[in-house]
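Visitor: If you read the sequences in order, they're chains A, B and C. Position 177, counted from 1, in the first sequence is what our numbering calls 618; the numbers after and before it change by one each time, with no gaps. Position 246, counted from 1, in the second sequence is what our numbering calls 857; the numbers after and before it change by one each time, with no gaps. Position 104, counted from 1, in the third sequence is what our numbering calls 105; the numbers after and before it change by one each time, with no gaps.
Among these hints, one or two may not hold up.
With beta-carbon atoms standing in for the labels, derived distance ranges [said to hold, decoys possible]:
1) B:Pro692 - A:Ser709: 36 to 46 Å
2) C:Leu59 - B:Leu709: 42 to 52 Å
3) B:Ile886 - A:Phe453: 46 to 56 Å
4) B:Gly837 - A:Ala460: 31 to 41 Å
FYI, nobody ran anything at the bench for these hints, they're computed from the structure. Here a beta-carbon is modelled for each residue, glycine too, at the ideal position from N, C-alpha and C.
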Amino acid sequence: MGNSNKRNRVSFSKKFKEASIHGCFLVNAILVILILVGIFALLVWTSLPAFKEISITEFLFNTSWNPTSYVKASYGILSMLVSTLIVTIGAMLFAVPIGIGAAAFISDLASNRVREIAKPVVEILASIPSVVIGFIGITLVGPYIAKVFKLPDGLNAINGSILLGIMALPTIISLTEDALKSVPKSYTEASLALGATKWQTIIRVRIPAASSGIIAATMLGMGRAIGETMTVLMATGCANAMPTNVTDSVRTMTSAIAIELGEVAFNSTHYYALFAVGLALFLITFAVNLAAEIIFNKKQKL
Amino acid sequence: MKNKFNVITEKLGFAVLTACLLVVVLIIVIIFTNIIINGHSAISLDFIIKAPTDGMTKGGIMPAIVGTFLVTVITAIFSIPLGMGCAIYLNEYAKQNLFTKLVRISIRNLAGVPSIVYGLFGVILFVQFLHLGTSVLAAGLTLSLMTLPLTITASEEALKNIPMSFREGSLALGATKWQAIRTNVLPYAVPGMLTGTILGLSRAAGETAPILFTGVAFYLPYLPKGVLDQFMALPYHLYIMATQHHDITLVKPIAYGTAMVLIGLVFIMNLGAIILRYRLRKNRKE
Amino acid sequence: MIKDIVIEAKDFNFYYGDVRALTDVNIKIEKNSVTGIIGPSGCGKSTFLRSLNLMNNLILCAKYEGQIFIEGEDILHKDIDVVELRRKVGMVFQKSNPFPKTIFENVAYGLRINGIKDKDLINQRIEESLKGAALWDEVKDRLHASAFDLSGGQQQRLCIARALAVEPDILLMDEPASALDPTATLKIEELIQVLKSKYTIIIVTHNMQQAARVSDYTAFFMMGKLIEYSKTNLMFTNPEHKITEDYVTGRFG
Numbered sequence: 442m443g444n445s446n447k448r449n450r451v452s453f454s455k456k457f458k459e460a461s462i463h464g465c466f467l468v469n470a471i472l473v474i475l476i477l478v479g480i481f482a483l484l485v486w487t488s489l490p491a492f493k494e495i496s497i498t499e500f501l502f503n504t505s506w507n508p509t510s511y512v513k514a515s516y517g518i519l520s521m522l523v524s525t526l527i528v529t530i531g532a533m534l535f536a537v538p539i540g541i542g543a544a545a546f547i548s549d550l551a552s553n554r555v556r557e558i559a560k561p562v563v564e565i566l567a568s569i570p571s572v573v574i575g576f577i578g579i580t581l582v583g584p585y586i587a588k589v590f591k592l593p594d595g596l597n598a599i600n601g602s603i604l605l606g607i608m609a610l611p612t613i614i615s616l617t618e619d620a621l622k623s624v625p626k627s628y629t630e631a632s633l634a635l636g637a638t639k640w641q642t643i644i645r646v647r648i649p650a651a652s653s654g655i656i657a658a659t660m661l662g663m664g665r666a667i668g669e670t671m672t673v674l675m676a677t678g679c680a681n682a683m684p685t686n687v688t689d690s691v692r693t694m695t696s697a698i699a700i701e702l703g704e705v706a707f708n709s710t711h712y713y714a715l716f717a718v719g720l721a722l723f724l725i726t727f728a729v730n731l732a733a734e735i736i737f738n739k740k741q742k743l
Numbered sequence: 612m613k614n615k616f617n618v619i620t621e622k623l624g625f626a627v628l629t630a631c632l633l634v635v636v637l638i639i640v641i642i643f644t645n646i647i648i649n650g651h652s653a654i655s656l657d658f659i660i661k662a663p664t665d666g667m668t669k670g671g672i673m674p675a676i677v678g679t680f681l682v683t684v685i686t687a688i689f690s691i692p693l694g695m696g697c698a699i700y701l702n703e704y705a706k707q708n709l710f711t712k713l714v715r716i717s718i719r720n721l722a723g724v725p726s727i728v729y730g731l732f733g734v735i736l737f738v739q740f741l742h743l744g745t746s747v748l749a750a751g752l753t754l755s756l757m758t759l760p761l762t763i764t765a766s767e768e769a770l771k772n773i774p775m776s777f778r779e780g781s782l783a784l785g786a787t788k789w790q791a792i793r794t795n796v797l798p799y800a801v802p803g804m805l806t807g808t809i810l811g812l813s814r815a816a817g818e819t820a821p822i823l824f825t826g827v828a829f830y831l832p833y834l835p836k837g838v839l840d841q842f843m844a845l846p847y848h849l850y851i852m853a854t855q856h857h858d859i860t861l862v863k864p865i866a867y868g869t870a871m872v873l874i875g876l877v878f879i880m881n882l883g884a885i886i887l888r889y890r891l892r893k894n895r896k897e
Numbered sequence: 002m003i004k005d006i007v008i009e010a011k012d013f014n015f016y017y018g019d020v021r022a023l024t025d026v027n028i029k030i031e032k033n034s035v036t037g038i039i040g041p042s043g044c045g046k047s048t049f050l051r052s053l054n055l056m057n058n059l060i061l062c063a064k065y066e067g068q069i070f071i072e073g074e075d076i077l078h079k080d081i082d083v084v085e086l087r088r089k090v091g092m093v094f095q096k097s098n099p100f101p102k103t104i105f106e107n108v109a110y111g112l113r114i115n116g117i118k119d120k121d122l123i124n125q126r127i128e129e130s131l132k133g134a135a136l137w138d139e140v141k142d143r144l145h146a147s148a149f150d151l152s153g154g155q156q157q158r159l160c161i162a163r164a165l166a167v168e169p170d171i172l173l174m175d176e177p178a179s180a181l182d183p184t185a186t187l188k189i190e191e192l193i194q195v196l197k198s199k200y201t202i203i204i205v206t207h208n209m210q211q212a213a214r215v216s217d218y219t220a221f222f223m224m225g226k227l228i229e230y231s232k233t234n235l236m237f238t239n240p241e242h243k244i245t246e247d248y249v250t251g252r253f254g
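Using the sequences provided together with the hints, build the complete structure.
Guide: Quick look at the structure:
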């Protein structure tokens with residue numbers, strides 16, 4: 442048989458080469474975790490000095506944000522939080538019904554040819570930069586709102602809601618469509634076999650069956666709306682006060698950071714406080730995304 | 612039993628659903644036509660290749676175009692290898708363990724981080740800690756972090772689409788694992804990976820918040836000479852034109868023109884990616 | 002004449018995680034023989050085949066016990082060069098899987114990854130392999146056409162040629178003709194008879210008649226155990242165990 446018994450032992454250099462290539466890709470993946478952790482850590486690190494001067498209760502519950510006041514600087518983000526909340530809820534009121542309707546159309550009503558066109562259309566909507574949407578808010582939607590509500594200008598919460606709704610639509614549509622696609626065919630067939638119409642099947646069987654996916658889609662859309670900066674910066678007026686009416690000018694957390702970070706003194710309390718706002722923003726969107734994921738996973742288990 | 616009531620309800624219901632989709636189409640049509648109608652008059656060859664003059668009320672937006680191009684290239688340089696590398700790890704090397712779960716959770720959460728928070732991170736890490744200052748490089752690095760989740764997800768999809776038999780067939784002939792991936796998986800997966808990457812880059816090109824404090828400037832008298840210089844960019848230019856110029860009416864046409872160029876750029880990139888994806892699907896079917 | 006034993010399994014056990022899939026397999030396979038492995042679905046025949054070139058390593062929870070000697074060396078040793086093993090022990094899969102390349106490049110692939118760059122050598126090996134797989138005459142004028150232009154049977158012979166190109170000593174075939182029509186199947190079976198003069202062949206098949214036609218020795222597996230292993234004509238005419246007899250006479254399957 443002539444083969445030396447040791448000829449087929451793997452050489453060290455071969456092993457080393459394969460292991461180091463594996464190692465490179467592993468490091469790559471570790472980097473991704475590090476980035477997420479890093480963002481959180483750096484935000485905490487940079488906002489910590491702020492909390493030496495500001496108590497957490499003041500930060501979270503004071504309605505007045507006036508870091509540059511000569512009298513007494515205040516660092517309450519409650520007004521910003523409420524503003525963010527108002528435009529986000531408004532955006533969802535607009536985007537969720539239309540989004541679910543459009544998704545149901547694409548997945549259940551559209552012929553293949555129509556679907557081939559509709560899906561890229563939704564992608565085109567998703568690709569419009571936020572600054573362009575904000576621009577439309579200033580030039581088109583705002584003036585229209587002003588006319589309807591008889592206001593001096595249309596830069597307010599309603600404007601922001603509509604625009605954020607436009608931005609959240611593609612997310613909600615495509616995720617809802619995925620949810621509807623994964624509803625088992627057997628449900629549909631059973632319903633139709635009982636004599637239900639297609640419409641009844643969609644409303645009473647398919648959409649409810651996809652509900653956890655739809656809820657997850659909504660939450661992810663919400664996360665997008667909460668985190669959006671340029672659109673609200675341009676279109677909501679940015680008045681630094683607690684909103685009392687949907688026609689009020691509002692300033693969200695994102696706008697506040699964008700407006701003030703450029704003018705703030707480096708390493709001042711104001712500077713750290715803005716990073717604290719960023720940290721709050723990060724935690725809120727993290728929580729919303731986590732909730733969406735938990736809801737989505739619950740659905741998978743069924 | 613299909614009684615009259617049910618039939619009418621169904622017809623109404625379908626009309627409502629159709630209307631929902633039409634709303635989406637309408638939104639796009641309104642946005643595009645509004646910008647094109649108001650902006651096309653500003654578009655000319657000079658607009659594209661000349662710099663702004665007279666306090667931005669005349670001239671062109673060439674530096675903003677160049678700046679956007681530069682920062683997108685830098686974004687590509689960093690996000691493509693990192694994104695593809697992570698996707699290769701997840702699809703080819705990763706085991707089903709806690710670490711892999713953590714990586715995937717990280718990717719999903721990074722996708723949801725607000726763009727302004729990426730900007731804050733970029734200020735601390737790239738501008739200050741790495742001493743890059745406000746520069747194209749710092750902005751590009753920040754944007755590349757932002758596009759990472761998209762690139763990774765799209766690349767992983769492309770890798771998943773390559774059947775296991777490619778890898779098995781290659782290994783059975785005596786290839787090492789990396790040889791099998793390099794010679795018999797990647798060549799077929801790269802086009803799909805690029806599709807997702809281009810979509811991610813078109814997002815990056817249109818983003819403003821991450822570059823606000825990491826390197827963009829409203830007016831620079833000359834183009835950036837190196838990666839550590841500041842730069843102008845289309846989305847930021849549009850933002851300033853629309854909100855802060857001292858004479859809004861004068862610059863309105865220029866603002867619309869900028870919006871048109873920006874949308875045009877994003878549209879071309881997306882179209883390129885969609886065509887690439889369509890070609891790929893056709894090839895696979897054969 | 003004592004023949005060389007090229008493959009020997011000694012008390013070989015295989016587990017998928019905690020589930021034992023192969024129990025105490027002991028077998029000796031002669032050089033230049035064709036061994037057919039038969040048995041009902043799920044009996045472990047593919048699992049055994051894939052253990053011989055360690056393709057089972059692709060499964061994360063795979064566990065081996067015992068020894069498998071290939072050309073005198075225990076391949077279950079932790080330092081074994083798996084890559085070199087797989088070059089020496091070639092495999093043809095159930096579903097033919099030509100790469101989306103030209104016919105030429107499919108066969109050349111194995112050579113290229115083994116570092117062979119000499120163009121003349123590559124051309125020569127490709128011609129030899131395609132002839133060895135009884136495909137040369139059908140493709141010699143269109144070597145640079147896509148492999149997918151070939152029929153199913155031709156694609157499978159291409160995969161055989163691809164495996165032959167790296168000059169293995171042993172050829173493992175996992176139900177190579179199960180997806181092919183009778184004419185193509187016959188071609189493959191004839192090819193196996195020719196190939197055995199140069200290679201040791203192990204073929205898993207669910208088709209007993211094929212095993213009877215093609216193999217010199219037959220191994221009958223059931224529920225992870227090697228029940229019987231003997232010369233083919235003996236197994237089919239005078240099997241040692243009743244259960245073997247039941248299987249080959251079709252009482253169950």
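Visitor: Which of the numbered hints are not met once you compare them with the structure shown?
Guide: 2
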